[in-house]
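Going by this note's numbering, the sequence shown opens with residue 1122, and the numbers climb by one from there.
There could be a bad hint or two in this list.
As the list claims (entries may be wrong) - Distance windows between CB atoms, simulated:
#, residue 1, residue 2, range
1, Leu1170, Ser1194, 33 to 39 angstroms
2, Thr1165, Val1200, 35 to 41 angstroms
3, Pro1219, Val1184, 38 to 44 angstroms
4, Gly1148, Arg1232, 35 to 41 angstroms
5, Leu1170, Pro1147, 18 to 24 angstroms
6, Asp1162, Ala1210, 33 to 39 angstroms
7, Ala1156, Arg1192, 47 to 53 angstroms
8, Ser1194, Pro1147, 53 to 59 angstroms
Since the hints were derived computationally from the structure, they do not count as laboratory data. Glycine included, each C-beta is placed from N, C-alpha and C at the ideal position.
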Amino acid sequence: MSTDMSADMSTGMSTEATSRTVMTAPGTGARTPEAAGVITDARTRIDDLDGRIIGLVQERMAVSAVIQRERISSGGRRVNLAREMEILAHYRDQLGRPGTALAMTLLELSRGQI
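Please take these sequences and the hints and turn them into a complete structure.
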């Protein structure tokens, strides 16, 4: 097996060194083992957070279903628009404009079937 030691024009590194760096950090976009380690650890933490967020969204949906069931059984409407506006404002205040979009998605998920 021969080793190509030609220069990589974009980095000035040899092809061998460039290949070795990429092989050290597959899928991370990192160019050093240290950066790859940080990225891998951070991605693991994000995956854990995403799992918790999904669990919380599912819990929110279940609690919302209880509220809707009680409201409807007592003669009320399925959706309380004033409450939804409070939720939208809270998310917007905490997260800015993207928070409103997030709250809209959560409300849509929590409304359940019509």
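Structure-based check of each hint:
| no. | hint | verdict |
| --- | --- | --- |
| 1 | Leu1170 x Ser1194: 33 to 39 angstroms | holds (36 angstroms) |
| 2 | Thr1165 x Val1200: 35 to 41 angstroms | holds (38 angstroms) |
| 3 | Pro1219 x Val1184: 38 to 44 angstroms | violated (24 angstroms) |
| 4 | Gly1148 x Arg1232: 35 to 41 angstroms | holds (37 angstroms) |
| 5 | Leu1170 x Pro1147: 18 to 24 angstroms | holds (23 angstroms) |
| 6 | Asp1162 x Ala1210: 33 to 39 angstroms | holds (36 angstroms) |
| 7 | Ala1156 x Arg1192: 47 to 53 angstroms | holds (52 angstroms) |
| 8 | Ser1194 x Pro1147: 53 to 59 angstroms | holds (55 angstroms) |
Going through the hint list in order, the structure does not satisfy hint 3, though it satisfies all others.
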